[in-house]
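Quick mapping for you: the protein sequence lines, in order, are chains B and S.
Numbering-wise, the first sequence is residues 1 to 505 according to the working numbering.
Numbering-wise, the second sequence is residues 1 to 352 according to the working numbering.
There could be a bad hint or two in this list.
Covered by chain S, according to a simulated footprint, are these stretches of chain B (three or more residues, beta-carbon under 8 angstroms) [unchecked claim]: (1) 258-264; (2) 295-302.
With a cut-off of at most 16 angstroms between alpha-carbon atoms, the simulated EDC-like pairs for lysine to aspartate or glutamate come out as follows [as the list claims (entries may be wrong)]: (3) B:K436 to B:D402; (4) S:K342 to B:E257; (5) S:K342 to B:E400; (6) S:K342 to B:E405; (7) B:K441 to B:E400; (8) S:K74 to B:E400.
These aren't lab readings, by the way, just hints derived from the structure by calculation.
Every residue gets a Cβ at the ideal spot worked out from N, C-alpha and C, and that includes glycine.
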Amino acid sequence: MGLRELLNGVRWGVHPHDDHKRPAADVPLRVMPLPARLCVPLLQHVGAPALPVVAVGERVLRGQLIAAAQGNVSAPVHAPSSGVISAIGEVTAPHPSGLPFSAITIELDGKDEAGEPLTPQVDPFSLAPAEVSQRIADAGIVGLGGATFPSAPKAQLGLKLSVHTLIINGGECEPYLSSDDSVMRVRADEVIDGVRILMHATGATKALVGIEDNKPEATAAMRKAAEGFASIEIRPVPARYPMGSDRQLVQVLTGKEVPSGARTASIGVLVNNVSTCAAIHRAVRVGEPLYRRIVTVNGGAVAQPGNVLAPIGVLIEDLLRFVGLKETPARLVMGGPMMGVALPHAQVPTVKGCGGILALTAGEITDTAPSACIRCGSCVKACPMGLLPLELSAHIHAGEYDKAEAKGLDDCLACGCCAYVCPSHVPLVQTFYHAKGEVWKRAQQKKRTEFTKSLAQARKERLEREARERVEAAARRKAERAAQQAAAQQAATSASANTAGGASA
Amino acid sequence: MILQTVASPHARAGESVSVVMLKVVATLVPATVYGFWLFGSPAFWLWLITIASALAGEAVCLRWAGRDPVPLLKDGSALLTGWLLALSLPPWAPWWIGVVGGLFATTLGKQVFGGLGNNLFNPAMIARIALLVSFPVQMTYWVVPAGAPGLLDGLLITLGHIPVPDAMSSATLLGHAKTDLARGVDLLHTELPGHAFNWVGARVGSLGETSTWLIAAGGVALLTMRIITWHVPVAMLAAIAVPAAIGHAVDPARYIDWTTHLMSGGAMLGAFFIATDYVTSPSTRAGQVVFGLGCGLLTWVIRTYGGYPEGVAFAVLLMNALTPAIDRLIKPRVYGRTFTGKPASVQKGKSK
């Protein structure tokens, strides 16, 4: 344990020397002018994709519902501006595979005409918690920290499981990103109001806002906004990646650990991101659906890095055109450098969970061919979950997936700390991604095999039963026939006896 | 634009394996150069021969394995192995000691296990022990650091063309103490050859042994560069010092004091540079403490009760053999799980 870890009481994770957050974090928030076209994806959350409720050629207004939620865990999608629907079809997904996914394309008319607000404005605290959740659901709010779990079912779950504490995640531990920082600086009052509304919706009596200590301006702004609300506490936390991970933040703020395989709600806490809280404020107070968000555009290739208020569904190329490029980026990343996804090209739309777009230069992405593991243990020291990445990786390479599972493969957050610190550049986290997929595939295969087996078993039983029934039926028929014959014989003999008797009589 | 797509993370901490190895080598330079000055050019030639042999052994094995040796030699691990071995040899040892040792270290000590990262034992130490057991006379022939010969004379000494005068040889401090104790002369009446606290290191010993202060300074540099952590060195030095202090307090005639223990033999080199070897030491902090304690305690036990005056190499190798067991038994607790690996129990809400 080094001195810093000793002072912080945080022994896990990594501390990048340069977090690359400045100057993007310090330049004023800019509003992006409307592009000519937006591609609004139907799946911007975990759960079922939204179902389009508009047709091609139809004109839509800003805030109008264009796709409705499908199922319990889902979120509706709204038009970010006014225009005409030009297509409902597939565009490239923000995923390294470059595979397509469904989106609604809107040709904007530039008038940015607003539709009706979703709900009448009333004091949210006079509403029942269920009604507040309904408003959150109607506005299509999902977790804006990147996990994109729909917020309404989460709040309802909190209510059901008697959550007592809300943890508000202002960690934003990924290098380069500052969109949450920006929200807390510019919209601290909205965030605090959102926290209060969420407390009302979940029944929590306390809220702890964790902000990394590298954001003093945000902490000051939030402290000021939270004045007078005794149940909301602003707590600076050490700047250490992955502080923004819910499990780590819960541990630092409450001293409790979330049991393996359980949800945070199982220990009575619920984690929500600060940007989500600001969106909840707008949804419940103003009736404004989630159709835009603050996106950090950063990276060595960007001419004017900073935070941009952009409509959801804007193509990355339009966003990059707005901030300007100094050089052709070597890699485009959606999200931060630690967990973000590399994009196949720039004709990809943003989604609700997108807090940052990075245009990285070749110098920023040091890709080196992996060499042999020297067992230095850096990965062990860095793992925030207490796993042994080198051992897990060795098991996976030996094909021993069950051993890797027994040693906590499922506990891996895929935060990337191990791969970040590895001097041999062993692709550790990529190995775990692969292994998780493999384990899932094997589980599916096993399920299928068992299902097939059960079908075969059922067939066997059915055939046996049928055969048995046939035999029984045959036996029964035989017995009946025998009985009939016997009866007939009996009758015949008795008749003959009678006649004989009669004759004898 | 078409971009290359890859998985996260998209950033990396700078240190590569070769940078780590070269930093370790750099911290050894002051002690090595000082050793050359102290023992003269034979020490330099032996150092050169040992490193060249270690590199050659590695290159030949890699070539046989069908791999390109050049990029793999650049990782610096064979260089470091040869260097550490050279520092643990008698400075005036003949050339073939360096050749046999260097080749042994990287071939039988490392490449037969599968190369970097796969060897169970520290290659430099296993080579040193092989030499000590095979060639006990040459491996315990120590010279007094005085009258350092010139470069050419030194080369002739190393090559065996000039016999070394007997008057120049002597036992090391620990060796002298061991011999006297064996003869029945107690430590209060023996005359040790120089004191271990001799600041200039002008006493008998291996190339990198007598300049203890420079070795320790190199170790501190490794700590500040965060290449090693305190766990192994502190545990090892403490486990040598504590039993030594107790023994000396109980019977100063039979037990050497703890400062002499720490300052002589391979204690410092072992604690900072040998036992901290990534490949052959445990990977968890707690495991490293156990490992360091074991190395230290075994060193003291071998030095005090064993047949050899010096025990660091044996102690490290014995603990290397235990490393897989330590790694198996001592593991960090996984977040959200108990020490046995079961998921922690769930307490329902409103507990506060």
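Cross-check of the supplied hints:
1. Here the stretch 258-264 of chain B counts 5 residues with a CB under 8 angstroms from a CB of chain S, which clears the bar of 3, and the coverage holds.
2. Remark: the stretch 295-302 of chain B is not confirmed as covered by chain S, as 0 of its residues place a Cβ nearer than 8 angstroms to a Cβ of that chain, below the required three.
3. At most 16 angstroms may separate the alpha-carbon atoms for a hinted pair to count; K436 of chain B and D402 of chain B meet this at roughly 11 angstroms.
4. A C-alpha spacing of about 14 angstroms is found between K342 of chain S and E257 of chain B, which places the hinted pair at or below 16 angstroms, so the restraint holds.
5. Of the supplied pair hints, the one linking K342 of chain S and E400 of chain B is violated, its CA atoms being roughly 20 angstroms apart against a limit of 16 angstroms.
6. Taken as a hint, the K342 of chain S and E405 of chain B pair is honoured in the structure, with Cα atoms around 12 angstroms apart against an allowance of 16 angstroms.
7. Annotation: proposed proximity of K441 of chain B to E400 of chain B holds, straight-line Cα distance about 15 angstroms (limit 16 angstroms).
8. In summary, the hint linking K74 of chain S to E400 of chain B is not supported, as the alpha carbons are separated by about 32 angstroms, beyond the 16 angstroms threshold.
The structure shown violates the earlier hints numbered 2, 5 and 8.
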